[in-house]
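Construct the complete structure from the given sequences, taking the supplied hints into account.
Going down the list, the protein sequences come from chains A and B. Letter by letter, the first sequence follows residues 1 to 111 in my numbering. Letter by letter, the second sequence follows residues 1 to 118 in my numbering.
Heads up, a few of these hints could be off.
Claimed, not checked - As a list, the in silico EDC-like pairs of lysine to aspartate or glutamate whose alpha-carbon atoms are at most 16 Å apart:
no.: 1; chain 1: A; residue 1: K79; chain 2: A; residue 2: D57
no.: 2; chain 1: B; residue 1: K64; chain 2: B; residue 2: D88
no.: 3; chain 1: A; residue 1: K79; chain 2: A; residue 2: D39
no.: 4; chain 1: A; residue 1: K42; chain 2: A; residue 2: E15
no.: 5; chain 1: A; residue 1: K98; chain 2: B; residue 2: D88
no.: 6; chain 1: A; residue 1: K45; chain 2: A; residue 2: D82
no.: 7; chain 1: A; residue 1: K98; chain 2: A; residue 2: D39
no.: 8; chain 1: B; residue 1: K20; chain 2: B; residue 2: D65
no.: 9; chain 1: A; residue 1: K45; chain 2: B; residue 2: E106
no.: 10; chain 1: B; residue 1: K66; chain 2: B; residue 2: E52
no.: 11; chain 1: B; residue 1: K41; chain 2: A; residue 2: E5
no.: 12; chain 1: B; residue 1: K41; chain 2: A; residue 2: D7
no.: 13; chain 1: A; residue 1: K98; chain 2: B; residue 2: E106
no.: 14; chain 1: A; residue 1: K79; chain 2: A; residue 2: E3
no.: 15; chain 1: B; residue 1: K41; chain 2: A; residue 2: D39
no.: 16; chain 1: B; residue 1: K55; chain 2: B; residue 2: D65
no.: 17; chain 1: B; residue 1: K14; chain 2: B; residue 2: E87
no.: 18; chain 1: B; residue 1: K66; chain 2: B; residue 2: E87
No lab work stands behind these hints: they were computed from the structure.
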Amino acid sequence: RKEVEQDPGPFNVPEGATVAFNCTYSNSASQSFFWYRQDCRKEPKLLMSVYSSGNEDGRFTAQLNRASQYISLLIRDSKLSDSATYLCVVGSSGGYNKLIFGAGTRLAVHP
Amino acid sequence: GAVVSQHPSRVICKSGTSVKIECRSLDFQATTMFWYRQFPKQSLMLMATSNEGSKATYEQGVEKDKFLINHASLTLSTLTVTSAHPEDSSFYICSVTSIRDRGLDEQFFGPGTRLTVL
Numbered sequence: 001r002k003e004v005e006q007d008p009g010p011f012n013v014p015e016g017a018t019v020a021f022n023c024t025y026s027n028s029a030s031q032s033f034f035w036y037r038q039d040c041r042k043e044p045k046l047l048m049s050v051y052s053s054g055n056e057d058g059r060f061t062a063q064l065n066r067a068s069q070y071i072s073l074l075i076r077d078s079k080l081s082d083s084a085t086y087l088c089v090v091g092s093s094g095g096y097n098k099l100i101f102g103a104g105t106r107l108a109v110h111p
Numbered sequence: 001g002a003v004v005s006q007h008p009s010r011v012i013c014k015s016g017t018s019v020k021i022e023c024r025s026l027d028f029q030a031t032t033m034f035w036y037r038q039f040p041k042q043s044l045m046l047m048a049t050s051n052e053g054s055k056a057t058y059e060q061g062v063e064k065d066k067f068l069i070n071h072a073s074l075t076l077s078t079l080t081v082t083s084a085h086p087e088d089s090s091f092y093i094c095s096v097t098s099i100r101d102r103g104l105d106e107q108f109f110g111p112g113t114r115l116t117v118l
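Okay, structure coming up:
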């Protein structure tokens with residue numbers, strides 16, 4: 001079993017749609033959780049950290065359920081510029097802030 | 001502005017040659033840097049953790065004699081792919097970490113180096 005598993009994708013949605021990504025992680029001792037965005041042939045960039053209480057940043061809402069070891073990302077009112085691969089990332093319980101990346105879910109927003 | 005720089009951004013080399021990739025932390029001193037590798041349509045895989053002034057810690061399955069890491073200063077880590085072969089062709093990305101609010105670390109990634117071994 002992979003340490004971080006995500007929806008396989010790709011998601012093809014029209015502009016304005018709401019789309020949700022799911023992610024599960026296997027290590028119950030994981031300390032930190034993130035969603036990163038990666039554009040084609042570019043480096044990943046932090047979209048948002050995920051807090052236990054859930055958090056929102058504009059059109060993006062992230063949720064964490066530690067009991068189920070489940071993380072989600074909701075994107076409302078999708079824009080063409082949201083097209084990218086979304087990476088679920090978990091910080092390990094070990095030292096040096098080791099990050100474990102999911103394989104990513106590709107989102108394509110069309111007019 | 002950029003927090004992390006990498007050089008070169010792209011390199012094409014012949015099989016058997018060695019390639020050095022530099023990773024620089026521009027905004028802060030980094031005692032720890034990370035090196036990742038990403039094959040096409042796959043996720044980033046951590047190769048090693050680079051520690052300033054000491055030996056790097058390699059992940060399982062990563063050959064330390066093939067991927068030489070040197071972290072000689074608080075702002076520079078280098079990854080040398082020795083005797084590169086076509087299967088080493090990949091996107092190599094470094095990152096540095098900083099402590100943010102609530103004690104959660106954020107990693108800043110360099111722009112990556114695309115290595116193609118012919």
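### Holds or violated: B:K41 to A:D7, with C-alpha atoms at most 16 Å apart
holds (14 Å)
### Task
Measure nothing beyond the straight line between the CA atoms of A:K45 and B:E106; if it is 16 Å or shorter, mark the hint as holding.
holds (10 Å)
### Message
A:K79 and A:E3 were given as a pair; does the straight-line alpha-carbon distance stay at or below 16 Å?
### Response
The given pair, whose Cα atoms are some 30 Å apart, is violated under the 16 Å limit.
#### Entry: Straight-line alpha-carbon gap A:K79 to A:D57, limit 16 Å
holds (15 Å)
### Query
Within a Cα-Cα threshold of 16 Å, do A:K98 and B:E106 meet the stated pairing?
Distance ~11 Å between A:K98 and B:E106 Cα, so the pair holds.
### Task
Below or equal to 16 Å on CA atoms is what counts here, so check B:K20 against B:D65.
Measuring from Cα to Cα gives roughly 14 Å; hence the hint holds.
### Message
What's the verdict on A:K98 and A:D39, does the C-alpha distance respect the 16 Å limit or exceed it?
### Response
Violated, at about 22 Å.
### Distance restraint between A:K79 and A:D39, which requires alpha-carbon spacing of 16 Å or less
Roughly 14 Å between the alpha carbons, so the hint for A:K79 and A:D39 holds.
### Pair hint outcome, B:K41 versus A:E5 [Cα-Cα no greater than 16 Å]
Between B:K41 and A:E5 the Cα gap is close to 15 Å, so the pair holds against 16 Å.
### B:K55 paired with B:D65 [C-alpha distance capped at 16 Å]
Cα-Cα ~12 Å, so holds.
### Message
Against the 16 Å threshold, does the CA-CA distance of B:K64 and B:D88 hold or violate the hint?
### Response
OK: B:K64 and B:D88 at ~14 Å, within 16 Å.
### Message
For a C-alpha distance cap of 16 Å, please report whether A:K98 and B:D88 respect it.
### Response
Not satisfied, since the Cα-Cα distance of roughly 23 Å exceeds 16 Å.
Of the hints listed earlier, those the structure fails to meet are numbers 4, 5, 7, 10, 14, in rising order.
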